[in-house]
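Using the hints provided, position chain Z relative to the given structure of chain W.
2 protein chains.
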Amino acid sequence: MKLLFSPASPYVRKVRITAAMKGVADRIENVPTDTLPLVNEDLRRENPLSKIPVLITDDGMRIFDSHVICEYLDTLAPEPRLFPASGPERFRTLTLGALADGMLDAALLLVYEKRYRPEDKWVESWMQRQQAKIDTSLDWLEKAPPTWSDHPDYGHITLACALGYLDFRHGGQWRARHPGLVAWLDKFASAVPAFDETRPS
Amino acid sequence: MKLLFSPASPYVRKVRITAAMKGVADRIENVPTDTLPLVNEDLRRENPLSKIPVLITDDGMRIFDSHVICEYLDTLAPEPRLFPASGPERFRTLTLGALADGMLDAALLLVYEKRYRPEDKWVESWMQRQQAKIDTSLDWLEKAPPTWSDHPDYGHITLACALGYLDFRHGGQWRARHPGLVAWLDKFASAVPAFDETRPS
Chain W
1 MKLLFSPASP
11 YVRKVRITAA
21 MKGVADRIEN
31 VPTDTLPLVN
41 EDLRRENPLS
51 KIPVLITDDG
61 MRIFDSHVIC
71 EYLDTLAPEP
81 RLFPASGPER
91 FRTLTLGALA
101 DGMLDAALLL
111 VYEKRYRPED
121 KWVESWMQRQ
131 QAKIDTSLDW
141 LEKAPPTWSD
151 HPDYGHITLA
161 CALGYLDFRH
171 GGQWRARHPG
181 LVAWLDKFAS
191 AVPAFDETRP
201 S
Chain Z
1 MKLLFSPASP
11 YVRKVRITAA
21 MKGVADRIEN
31 VPTDTLPLVN
41 EDLRRENPLS
51 KIPVLITDDG
61 MRIFDSHVIC
71 EYLDTLAPEP
81 RLFPASGPER
91 FRTLTLGALA
101 DGMLDAALLL
111 VYEKRYRPED
121 KWVESWMQRQ
131 QAKIDTSLDW
141 LEKAPPTWSD
151 HPDYGHITLA
161 CALGYLDFRH
171 GGQWRARHPG
181 LVAWLDKFAS
191 AVPAFDETRP
201 S
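Quick note, the sequences are listed as chains W and Z, same order.
Residue numbering for the first sequence follows our numbering, starting at 1 and increasing by one per position.
Residue numbering for the second sequence follows our numbering, starting at 1 and increasing by one per position.
In case anyone wonders, no lab produced these hints; they're calculated from the structure.
Be aware that one or more of the hints could be misleading.
Put simply, identical chains are the same to the list, so a pair is met inside one copy or across any two.
[Stated by the list, open to error] Derived pair list, reagent style EDC-like, types lysine to aspartate or glutamate, alpha-carbon separation capped at 16 Å:
#1 K143 / E46
#2 K2 / E46
#3 K187 / D150
#4 K114 / E124
#5 K143 / D196
#6 K187 / E142
#7 K2 / E29
#8 K22 / D150
Model, not experiment: these values are computed from the prediction.
So here's chain W without its partners, still in its complex pose (with noise of 0.2 Å):
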């Protein structure tokens, strides 16, 4: 399988630290890609949204976006399961990750404000906008973070990312006020050896 993937890409991560848990890292080739120009003909033949990760399977198949090719990989191998089958479990898991996704996106769209715009277009109340949603997630997961039985599912590792691309774009300002969650993110390390080897330098 080859993934089109960035290094500093926070839905990538989510998939190569999916790959690592179910045994299948080695299985994949890691495809450099870059998202910057407007148009990649490299990428944009593969997922025409131009966004990355796409995974290729051996027989040729395209998969987009992270939550569905998490799920690809979470079939190639029985253990640990991390997409609950179904029933109240699976819905929490894959709202957990429906969350994060959207703290991610937020957090993505403020810094595109900065990236693909000059200084005079950026607009404050659009970035509190954006920044509301990531402050709210914060405080409502701080009053409960998610937990695990056995090992981190699908929900975890995305929570993780987020808050892994909030220390790595926004300068780890939600560490402040959210010592739950602080603790939380030491313990899914700890759990998971994969977050500290795909952590953006």
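Structure of chain Z alone, referenced to chain W:
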């Protein structure tokens, strides 16, 4: 069940069409929800991302985003099966859903550019970047519009809602150069009456 909802949201439309196809629409109370203000306390309490749709189940679970809600609704009745259970079909459906959601995300960002910024803060190159995602995806889908055998599935529903949103908010400009997708959407609307029934006005 309660659905936090707006008639104009294409993500809500996905859920309403799914509910209709599964025969569970009459078990859902639609709760009009305003996402425009920076803070809508009622919404923020249910989803800290302040996004709709949110499904509140009878036993009090909060489920989002639209993808997760649709998958949940798919479990409430056996037929028609909207998420293939496994295999390449499942990942083909989920990837088509992710592609159409990505088109929607880009189309929303184009709307937000004008909704949340004064005109002197618009950035043409950012809008081109979003438009390119939409146009490239349309061209890609036009080459081989996705087919179904017995009935459309979740991927098709999402694509129909994306095209419907391009009609609703972007003047249907996609139609001129994509006759295959125009015919595809007509066929979808014939197969799924809920598509016309949920058309925003």
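Okay, the hints, checked on the actual structure:
In this assembly of identical chains, the alpha carbons of K143 and E46 lie at most 16 Å apart only when taken from different copies (14 Å versus 41 Å within one copy). Taking identical chains as interchangeable, the C-alpha atoms of K2 and E46 lie at most 16 Å apart only when both belong to the same chain, with a minimum of 11 Å there against 38 Å between chains. For the identical chains of this complex, K187 and D150 are intra-copy neighbours only, at 13 Å inside a copy versus 47 Å across copies, given an alpha-carbon limit of 16 Å. Taking identical chains as interchangeable, the C-alpha atoms of K114 and E124 lie at most 16 Å apart whether they share a chain (11 Å) or sit on different chains (15 Å).
For the identical chains of this complex, K143 and D196 are neighbours neither inside a copy (25 Å) nor across copies (42 Å), given an alpha-carbon limit of 16 Å. Taking the shortest alpha-carbon separations for K187 and E142, only the intra-copy value of 14 Å comes in at or below 16 Å, while the best inter-copy value is 47 Å. In the homo-oligomer, the alpha carbons of K2 and E29 lie at most 16 Å apart inside one protomer (5 Å), although the nearest pairing across protomers, at 44 Å, exceeds that limit. Taking the shortest alpha-carbon separations for K22 and D150, only the intra-copy value of 14 Å comes in at or below 16 Å, while the best inter-copy value is 35 Å.
In this structure, only the earlier hint numbered 5 is contradicted, and the remaining ones agree with it.
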